[in-house]
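Asks: Chains as they are written, first to last, in the numbering used here: chain V, 1 to 320; chain R, 1 to 284; chain E, 1 to 443.
These are computed hints drawn from the structure, not numbers from a lab. By construction, the Cβ of each residue, glycine as well, lies at the ideal position given by its N, Cα and C atoms. Any given hint could be a false lead.
Unchecked claim - Simulated restraints, written as ranges between beta carbons of each label pair:
1) I298/V with L22/R: 28 to 34 angstroms
2) Q12/E with T239/R: 37 to 43 angstroms
3) L34/V with G254/E: 51 to 57 angstroms
4) N339/E with F60/V: 44 to 50 angstroms
5) G225/V with I436/E: 48 to 54 angstroms
6) A442/E with P232/R: 42 to 48 angstroms
7) A67/R with W395/E: 40 to 46 angstroms
8) D356/E with V150/R: 26 to 32 angstroms
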Amino acid sequence: MDKLIISPAPHIHGGDSVSKNMTGVIIALIPALLAGLYFFGLGALVVTVTAVLACVLFEFLIQKYLLKSESSIMDGSAALTGLLLALNLPSNIPVWMVIAGSLVAIGIGKMSFGGLGNNPFNPALVGRVFMLISFPVEMTTWPRPVPFATTYLDAETAATPLAILKSHSGELPSTMDMFFGNMGGSLGEISAVAILIGLAYLLIRKIITWHIPVSILATVFVFAGILHLANPEAYASPVVHLFTGGLLLGAVFMATDYVTSPMNPRGMLVYGVGIGLITVIIRNFGAYPEGVSFAILIMNGFTPLINTYIKPRRFGEKAK
Amino acid sequence: MNLILLSLLTLGIVGAVSAVILYFVAKKFHVYEDPRIDQVEAALPAANCGGCGYPGCRGFADACVKADTLDGLLCPVGGNETMAKVADILGKTAVAAAPTVAVVRCGGTCDHRPRMNEYDGVKHCFIAHNLYSGETGCSWGCLGLGDCEVSCEFDAIHVNPITKLPEVDEDKCTSCGACVKACPKLLIELRKKGPKSRRIYVSCRNEDKGHITRKACDVGCIGCSKCEKTCPHEAITITNNLAFIHDDKCKLCRKCVEVCPTNAIVELNFPPRKVKTEEVAAEA
Amino acid sequence: MKTFRLGGIHPQENKFSAGKKIQIAELPKQVVIPLSHYIGSPSEAVVKKGDLVKVGQLIGKANGFISANVHSSVSGKVNKIDVQLDASGYKRPAVFIDVEGDEWEETIDRSTELKRDCNLTKEEILAKIKDAGIVGLGGATFPAHVKLSPPPGKKADILIINAVECEPYLTCDHQLMLEKGDEILVGITIIMKALGVTKAVIGVENNKKDAVAHLSKLAANYPGVEVQALKVQYPQGGEKQLIDAVIRRQVPSGRIPIEVGAVVQNVATTYAIYEAVQKNKPMVERVMTITGKDAPNPGNYLVRLGIYLSHVVDMAGGVPAGTGKIVGGGPMMGRSLMNLNVPMAKGSSGVLFIKDEESVRKPIQNCIRCAKCVTVCPMGLEPFLLMNQSERNMWPEMETNRTMDCIECGSCSYTCPSNRPLLDYIRYGKSTVGGIIRNRAAK
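So here's chain V without its partners, still in its complex pose (with noise of 0.2 angstroms):
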């Protein structure tokens, strides 16, 4: 270089990247994949293949036509939305309905907001919402899941413990079953343990911190645990609340979105405890089985004034 650069310091960088953080999530999110793959074998292939490839078209098209901005799929944002909103489906679900979801995702959920950075709800979930509101039926017929399964679209469908819960009828699975994901479910929401591995993986990578899943899993706990000591009829047992359904999922995943989510570790705790009485309310009193979907959509608009009123602990603030 013919001329010496002057710029304010700090001098070097960290290295750090917008694409090496939403890498790190996908990566975290394979074994959950994988999972789902297993027990839904070709259905799960389809529709993942179907939300991915949608979500970075759609985001694609809509900078290039609508926006006419510069593009950023590179940054892994899209692909990752896809991901999310997939392992959020039931693996029979027509694929039509995806490609109609990833649309309300990306262009509704993101897009319209500004792109990444700038939408206040997590864009997954709002596809994901919008696609359980309109396609009622679909998203909540479940095909049952069978080992090393090879057939798309499963004939036979099974409940969700959730909804067995919530219906009386039927009989649970057993907790080892909940804990590996052989059990009725969306895709990526059966298995526990992948789950788990995720989070150690982003916890490990330093993606995200444990305030958001911690607090959001104790809460739960807690709150069904003392449901279900009052009444242990009427109000499962917290691990089973635990384990089954979204929570897992939208726990480590989805709540933790950086965009949607509280800004410090203070308010990221009051985020949390937030999606998990919301969610014990909705999955114990509410007309849905399921409700982590709809807490974290709750929590994300109250994100802003979370952010407005909890502060950081400042440094010389006298500890509590």
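Could you slot chains R and E onto chain V? The hints should help.
Replies: For chains R and E alone, kept in the frame of chain V given last:
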């Protein structure tokens, strides 16, 4: 049917009660405001630029109403015309002020001031100014990062991408002073617009000694004081190796322009010179 | 292992010049001694063109409370007093001296013998430090005697010596500790006497194990002095961070360390104080590091003030090819230099060559609100928020969000995955808000 009636009734009662509460609250907390403030505000250009020194047009209107005379109060955007209207409303007399316009006192284009470094921070003059004196050898000159452009509400000042110096659009400039405040190098000055927009000013702010200035820039003021000696009207003073032309004394004779060895004195909007210098003593 | 409790980062250390013996820089034909300091008002020249000066002779008198004396670092004739571009990026007044021989003031004891005992009173010590023009050598160049004279009513109970050197690349303090351990410890006892404290702790980061071992061994002979190894974490060298790390006290917002009973001095300053008090030697030279990934000969040099950095760099093998940026100081807080024709000043701790590909910032992307800047901020601030407010000129909001607490360590900009210039904007906001606060105080 019953349901409709009931809803209508409930809402009606709630509305009525609220109206009563609102009425009393409004009465209780009513603040008297001079109605002329609204009238004056309506006459102002509503630019809310703060150029008058008051917070927005309403603040200025308030000040006009409260002031005994309009002396010293000027809306730079609306100018004398607006002030006349304001004076009419308030029954006071307007004090006419000479119109001014922003001038940039730096002539160091890329040709005149070679770049020695490359700035790679935020494109923000103030941040660069905190960091160092600039990409060129001149510590006083324009940084060219466009704080003035951002500050201008009227789209009247733009950094020329070739010279990297800001240029003022005289027709759009309202002389509100936002750019004067924005410039960390204090390069921008509000000067008398002059007859037919003719102006003469020293386009340099360099207070270094002559030999240092000369090294840094071809068109810097080296403080040689030739212009000071030449000026027949004593309109030029030299402080800290830098000449300054007082616009209230300058008669626009252009003698200083001719003697300046570095062409640091700039004349604007004059007709092209004849071979023999014309003695212009234009009066406003 | 101890460290400060809030935030922090761990950049690559890259201490290439660690363990390199301190070399003495040769004298050039001319030196340019800056009269102004990084902070405070510039000193007033007391010599004029044509004067003959000796090494250690006063040439600039402190001007105001926060200012320091300046002494000639060479013997020779004053050529002129003029402005000179210095490491601050501005042209500022300096004394140009043509070097003739190397003659020192007679009062200065130039022997290398250790002089352990000091029988001076507190006031005499402070006066000597003041006369010698000693300033904090960590970078901020705050006059040492001001720091050692607590405001009335405040009393220090502990002295903390900042030997952290948390900036990557720099090794000058490290090497000084290895070579001048005893002198530093005597310096500490002198400062303890001046402050009237009985306890002193030397905080050293644990990447300098040899220095920890060496000083611990020597410290056994000096009652009340102990060495504390600290976990490697940037910005541990920040005054408030170091106090938190060593004695677990946090200085409240807007206060100074003396309010929690601590005084912090840099280790190089301590050595300078030893020389000033015991050897009558004013501040005329300091150790600096010349380094960089491609530097031909990274090392530590003892350099007289006023020598052009280019002269020292030539001694160390010159500027490596492919250098895009030259930084005066460390990579986290140093200033990029416009060129190497700037004189060595009291605060110059190093010259760092940064390669072409590392010297240009990567393109700025949207904030993804990952909160990493909040996590790493050692002061518990919200850099993303402060930057947004600074961009929008929201000064009162910036003040309530404690922008004035920022220590400008750069951890936020270092960490940001979107390469956002957080600190640039915070610094801008900080200076504006600071101005507003000063105006308000003046009213």
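Asks: Against this structure, judge whether each hint is valid.
Replies: Tested hints:
1. I298/V with L22/R: 28 to 34 angstroms: 33 angstroms, holds
2. Q12/E with T239/R: 37 to 43 angstroms: 51 angstroms, violated
3. L34/V with G254/E: 51 to 57 angstroms: Holds: the Cβ-Cβ distance is about 54 angstroms, inside 51 to 57 angstroms.
4. N339/E with F60/V: 44 to 50 angstroms: Given about 46 angstroms between the Cβ atoms, the range holds.
5. G225/V with I436/E: 48 to 54 angstroms: Given a distance of about 53 angstroms, which is inside 48 to 54 angstroms, the answer is holds.
6. A442/E with P232/R: 42 to 48 angstroms: 43 angstroms, holds
7. A67/R with W395/E: 40 to 46 angstroms: This hint is violated: roughly 29 angstroms between Cβ atoms.
8. D356/E with V150/R: 26 to 32 angstroms: 31 angstroms, holds
Consistency note: the structure conflicts with the earlier hints numbered 2 and 7.
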